[in-house]
Amino acid sequence: MKLQELLTERKLPPFPGKETAKRLLCEQEYGILPPFDWKTEVSAPDAVENRLCAGRASLSRVMLTVITRAGRHSFPVWRLLHEDGKPHPFFVLLNFHPGAPTLYFPAEEIADAGFGVLSVCYRDITSDDGNFEDGLCAILPMGDRSAPHTPGKLAVWAWAASRVLDLAPELPCLDPRRAAVLGHSRLGKAALLAGMLDDRFSFVFSNDSGCGGAALARGSLGAIGAIGAYGKTGESIRRITEVFPHWFAPAYRRWAESNVPDGFDQHFLLAAIAPRHVYVASADMDDWADPDSEFLACVAADSAWREHGLPGLEHDGEIPQPGESLHKGYIGYHRRHGMHFLSRYDWNRFMEYMRLHAQP
Numbered sequence: 003m004k005l006q007e008l009l010t011e012r013k014l015p016p017f018p019g020k021e022t023a024k025r026l027l028c029e030q031e032y033g034i035l036p037p038f039d040w041k042t043e044v045s046a047p048d049a050v051e052n053r054l055c056a057g058r059a060s061l062s063r064v065m066l067t068v069i070t071r072a073g074r075h076s077f078p079v080w081r082l083l084h085e086d087g088k089p090h091p092f093f094v095l096l097n098f099h100p101g102a103p104t105l106y107f108p109a110e111e112i113a114d115a116g117f118g119v120l121s122v123c124y125r126d127i128t129s130d131d132g133n134f135e136d137g138l139c140a141i142l143p144m145g146d147r148s149a150p151h152t153p154g155k156l157a158v159w160a161w162a163a164s165r166v167l168d169l170a171p172e173l174p175c176l177d178p179r180r181a182a183v184l185g186h187s188r189l190g191k192a193a194l195l196a197g198m199l200d201d202r203f204s205f206v207f208s209n210d211s212g213c214g215g216a217a218l219a220r221g222s223l224g225a226i227g228a229i230g231a232y233g234k235t236g237e238s239i240r241r242i243t244e245v246f247p248h249w250f251a252p253a254y255r256r257w258a259e260s261n262v263p264d265g266f267d268q269h270f271l272l273a274a275i276a277p278r279h280v281y282v283a284s285a286d287m288d289d290w291a292d293p294d295s296e297f298l299a300c301v302a303a304d305s306a307w308r309e310h311g312l313p314g315l316e317h318d319g320e321i322p323q324p325g326e327s328l329h330k331g332y333i334g335y336h337r338r339h340g341m342h343f344l345s346r347y348d349w350n351r352f353m354e355y356m357r358l359h360a361q362p
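Residue 3 is where the sequence shown starts when you use the working numbering, and the numbers rise one by one after that.
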């Protein structure tokens, strides 16, 4: 079946424009942090390790403290910085693992490729559970969880990614014009949200972000009760809001039964990043994240870039095969063979894409 036929079957609402899309997604899915006063402090670096790339790059840790009227919360940020005095493109990495390097943060390879990183472990920001008195949540105006538009923890992790980005202008080895945010799985959802809300991220990367991230809800494997190629049903709104209700605004549960959000779908999240660059990565064995629905969201979002006179998703009209990368447009995509994981293969594709599009 042709891509256009697949999209027609899903009956997706047309993109209503950036500001309307942002309002819908924040009100109905992720929640809204109301305006509030805040400031940050940064500690002197410690844990300096200068052996990366034969001394051409170093790892160090700083403590980033957020201060509001309700109190203060500190969390560590690991910095991969080059020592050549030149501004480098870099990633704000929402990481599952603390410290550096980690399973999802291959620091030596990233440094060899000429990129910097500011990495933060999501659990150091706030716990991944229903405790909204933990970590950063304790000092933010989170509101009442019974209110429909109260922010979930995806919104908190996304807000924290922007506070990590605030560090970049003070570091001459990082180029703020070539800043990216990157996350895997639930943190891929948070990375997309951070990119939608913060225009300073020139590149937004999601890896296997699935339901509530890059994957369309309408017509997903979970919505139609289908089993993927590797024997697993895709995640649905019902499932994700039952198991992880704390990630989202309470309003998102309204569509648990239908799996059809009223007036929006996840292509709005990608399209609202235009005219900047967004990149979606899928894995062919990751049926739970529904790679076809992730790719179709890219196809559906394409028009937002075309309206700016820019190439969106450049593709041949077919579902990509494992090992295929689409890097020519402002929407990047690749599908690798394998399971739900942030691999060195993924990192290399992301860096290839930035080298192609992020010229100094």
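Fair warning: there could be bad hints in the mix.
Think about it this way: if two alpha-carbon atoms lie no more than 25 Å apart in a straight line, the pair counts; the simulated DMTMM-like pairs of lysine to aspartate or glutamate are [unchecked claim]:
1. Lys-4 / Asp-200
2. Lys-234 / Asp-286
3. Lys-330 / Asp-264
4. Lys-330 / Asp-318
5. Lys-13 / Asp-200
6. Lys-24 / Asp-286
7. Lys-88 / Asp-114
8. Lys-24 / Glu-43
Simulated restraints, written as ranges between beta carbons of each label pair [stated by the list, open to error]:
9. Val-262 / Ile-229: 14 to 22 Å
10. Ser-260 / Pro-178: 36 to 44 Å
11. Ala-149 / Asp-48: 15 to 23 Å
12. Gly-325 / Glu-111: 41 to 49 Å
13. His-310 / Arg-25: 33 to 41 Å
14. Arg-25 / Glu-316: 38 to 46 Å
15. Arg-179 / His-151: 52 to 60 Å
16. Pro-150 / Gly-227: 21 to 29 Å
17. Arg-255 / Pro-178: 44 to 52 Å
In short, the hints are calculated from the structure, not lab data. Where is the CB? At the ideal position from N, CA and C, for every residue including glycine.
Item to check | Given hint Glu-43 paired with Lys-24 - CA-CA distance at most 25 Å | outcome: Cα-Cα ~29 Å, so violated.
Checklist entry - Within a Cα-Cα threshold of 25 Å, do Lys-4 and Asp-200 meet the stated pairing? => result Between Lys-4 and Asp-200 the Cα gap is close to 35 Å, so the pair fails against 25 Å, i.e. violated.
Checklist entry - Can the restraint linking Lys-88 and Asp-114 be considered satisfied, given a maximum Cα separation of 25 Å? => result At roughly 15 Å apart (the allowed maximum being 25 Å), Asp-114 and Lys-88 satisfy the hint.
Checklist entry - Quick one: are Ala-149 and Asp-48 within 15 to 23 Å, going by C-beta? => result Taking Cβ atoms as reference, Ala-149 and Asp-48 lie about 41 Å apart, which means the hint is violated.
Checklist entry - Taking the beta carbons of Arg-255 and Pro-178, is their distance inside 44 to 52 Å? => result violated (38 Å)
Next on the checklist: Taking the Cβ atom of His-310 and the Cβ atom of Arg-25, is their distance within the range 33 to 41 Å?
Outcome noted: For His-310 and Arg-25 the Cβ distance comes to about 20 Å; the hint is violated.
Checklist entry - Do the Cβ positions of Val-262 and Ile-229 conform to the proposed distance bound of 14 to 22 Å? => result Given a distance of about 21 Å, which is inside 14 to 22 Å, the answer is holds.
Checklist entry - Do the Cβ positions of Gly-325 and Glu-111 conform to the proposed distance bound of 41 to 49 Å? => result violated (19 Å)
Checklist entry - Does the structure keep Lys-330 and Asp-264 at a Cα separation of 25 Å or less? => result Cα-Cα ~33 Å, so violated.
Next on the checklist: Holds or violated: the 21 to 29 Å window for the beta-carbon distance between Pro-150 and Gly-227?
Outcome noted: holds (28 Å)
Item to check | Distance restraint between Lys-234 and Asp-286, which requires alpha-carbon spacing of 25 Å or less | outcome: holds (12 Å)
Checklist entry - Measuring from beta carbon to beta carbon, are Arg-179 and His-151 in 52 to 60 Å? => result violated (33 Å)
Of the hints listed earlier, those the structure fails to meet are numbers 1, 3, 5, 6, 8, 11, 12, 13, 14, 15 and 17, in rising order.
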